[in-house]
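Participant: Here are the chains, one letter per residue:
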Amino acid sequence: MDWNIVQLVLWLIAGIVSFYFSIGNARVWTSIAVGFGLILLGELLPQAMPFLPGASSPQIEAMSYILGTISILVMSHGFQEYYVFSRTLELEGNKLLVYVATLGVIFASMIFILINPDPTPSTLKVIRVVEDTNWVFLSLINIDLIRKIYINVKDSPISKGFIAFMLVFIFIFLWRGSELYIQVYDLANPDVSRLFPFRYELSQICSNVGNLLAGLSVAGTFIYLARLLR
Amino acid sequence: MILLPRGNPVKENIDPGKVQLPDALQKLQKGNFTGYLRFDTTRGVGILIYDKGRLISALFEGASEREIAYDAIALIFECSLAGNANLNIYRLSSELAMSIHALLHGQVLYKGQEVKLLDIRGLLGKMKEDKITGCLRIYTSDHIALIFYREGSPLGFFHDGSTDLEKSAENSLSVAKLPGAKIDVLTAQVSEEATMADLQASADIRALWQKAHENVTRDKRSREAEVARSLEEREKDRRQKVLGLLKGVAEKSLGRIGAQLADKEFTRAMNGQGVVSESVLDDFYQRLGKAAKLVAGPSTVKQMVDEMQRGIKALMKTD
Numbered sequence: 001m002d003w004n005i006v007q008l009v010l011w012l013i014a015g016i017v018s019f020y021f022s023i024g025n026a027r028v029w030t031s032i033a034v035g036f037g038l039i040l041l042g043e044l045l046p047q048a049m050p051f052l053p054g055a056s057s058p059q060i061e062a063m064s065y066i067l068g069t070i071s072i073l074v075m076s077h078g079f080q081e082y083y084v085f086s087r088t089l090e091l092e093g094n095k096l097l098v099y100v101a102t103l104g105v106i107f108a109s110m111i112f113i114l115i116n117p118d119p120t121p122s123t124l125k126v127i128r129v130v131e132d133t134n135w136v137f138l139s140l141i142n143i144d145l146i147r148k149i150y151i152n153v154k155d156s157p158i159s160k161g162f163i164a165f166m167l168v169f170i171f172i173f174l175w176r177g178s179e180l181y182i183q184v185y186d187l188a189n190p191d192v193s194r195l196f197p198f199r200y201e202l203s204q205i206c207s208n209v210g211n212l213l214a215g216l217s218v219a220g221t222f223i224y225l226a227r228l229l230r
Numbered sequence: 231m232i233l234l235p236r237g238n239p240v241k242e243n244i245d246p247g248k249v250q251l252p253d254a255l256q257k258l259q260k261g262n263f264t265g266y267l268r269f270d271t272t273r274g275v276g277i278l279i280y281d282k283g284r285l286i287s288a289l290f291e292g293a294s295e296r297e298i299a300y301d302a303i304a305l306i307f308e309c310s311l312a313g314n315a316n317l318n319i320y321r322l323s324s325e326l327a328m329s330i331h332a333l334l335h336g337q338v339l340y341k342g343q344e345v346k347l348l349d350i351r352g353l354l355g356k357m358k359e360d361k362i363t364g365c366l367r368i369y370t371s372d373h374i375a376l377i378f379y380r381e382g383s384p385l386g387f388f389h390d391g392s393t394d395l396e397k398s399a400e401n402s403l404s405v406a407k408l409p410g411a412k413i414d415v416l417t418a419q420v421s422e423e424a425t426m427a428d429l430q431a432s433a434d435i436r437a438l439w440q441k442a443h444e445n446v447t448r449d450k451r452s453r454e455a456e457v458a459r460s461l462e463e464r465e466k467d468r469r470q471k472v473l474g475l476l477k478g479v480a481e482k483s484l485g486r487i488g489a490q491l492a493d494k495e496f497t498r499a500m501n502g503q504g505v506v507s508e509s510v511l512d513d514f515y516q517r518l519g520k521a522a523k524l525v526a527g528p529s530t531v532k533q534m535v536d537e538m539q540r541g542i543k544a545l546m547k548t549d
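Chains as they are written, first to last, in the working numbering: chain P, 1 to 230; chain Y, 231 to 549.
If you are wondering where the hints come from, they were derived from the structure by calculation, not from laboratory data. A virtual CB, placed ideally from N, CA and C, is assigned to each residue, including glycine. Watch out, some of these pointers could steer you wrong.
Derived CB-CB ranges, DEER-like [to be verified]:
1. D493(Y) to I151(P): 11 to 21 Å
2. I115(P) to S509(Y): 48 to 58 Å
3. E92(P) to R464(Y): 16 to 26 Å
Please work from the sequences and hints to get the whole structure.
Facilitator: What follows is the structure, given as structure tokens:
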């Protein structure tokens, strides 16, 4: 069984539900939903590259990593806004701004990639490390932020949804953390992995299991939230 | 309550609050008026007695107060300006005016004696024996008659419609024959006409009127302020009840954050307005609905708003 296909399906569910969920909801949910939706693109693109003619260019791979970075930033911004709302009960801004700003950042990133030399494998690795670093540390920050949000909205209908989100970020941390570890120590290099087979295997398992659980939990969380907020 | 026969009416049922009383009194003075003015007010009855244009007597008698002279005039002015007063002016003979003055400032010996239980003959004998100067007041709820005595001997009779002391006892005795008739025995202090002071000449009537005006205006303002305060208190209380209900329902539906949201959005919807109106509540439901979507689904929010509307409706009914 190809786990990558399963993971893709799960992220697809999460992406579709999250976008559906952002319709008719306040801006904070839009940021969170757009963030999760972008993960789908970031995950989908590298997986789809072998099957799409002409899509094997390093620019597309670089863009997929950048999309991953933008997704965690937008998502974290959404949680940050929700936390502010739960503390001050203030609602600010509009949804269109979120879409426009995200599209603007994506467009600027594309320009940046296109006007620079073709990314080498080393450049792609650096961009990926940046993406995973962002994911790892922002996941930790988000876990704490969501914990605080949960305390503020503890007895509201949505509260359990935030526990589910905490779980999502724990799995994301596991997934991206193991990937970052493999990249930083170059464990994917056969010469290195031969020297540290257990570490490499364990990291690989953690990454795959984390990715699967993250996909499962995020799809489940959005379906659960959609039911909660029906 | 001052019980006096009505005399010969000059003007009846005037609202003294709508009359410039200083001017009116001046007219009476200039016209050498003899008779009395009766002010029936909510606080009591005021009597001004004139003799040949001189204001010889002023009396105000309320449930718990009795004022004479300038104080009585001031009180009459105040009560007239306060509203709900009635003024009747009756013409009398000079002798009768003096007799009434003496009577009003005299003392009550016996009060409210039932005629049918009384030995009239004995009473008259006693008055003669004691040489009482004063009068017998015979009255029912509709009619009053006075029989004046000087040193125990009857001087004459005064009853509704007469301007002078009458010699015929017929009218007065007819009052005594009416069912429920009562008798008061009053003694009078006889003053010489010449020694009577003219209150109108010695007092600054316009100043008294002006002061009464100020007092009434001040009282009116203070009453209005009191009414406004009590309305404000009531509205505040109502606002608290409404807010309590909204917070309670929001907490039940959305938890603690729901109560906080209701509190905040209610304050915003009120926007400094003192009264919880329908438009304020509509604005509140709209604001709360928008904010509540962050913590609950549309069906929960709708259910909550419906419950709030039902609660407010019931609250308004009982309020």
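Participant: What hints, given by number in increasing order, does this structure fail?
Facilitator: Result: hint 3 breaks, nothing else.
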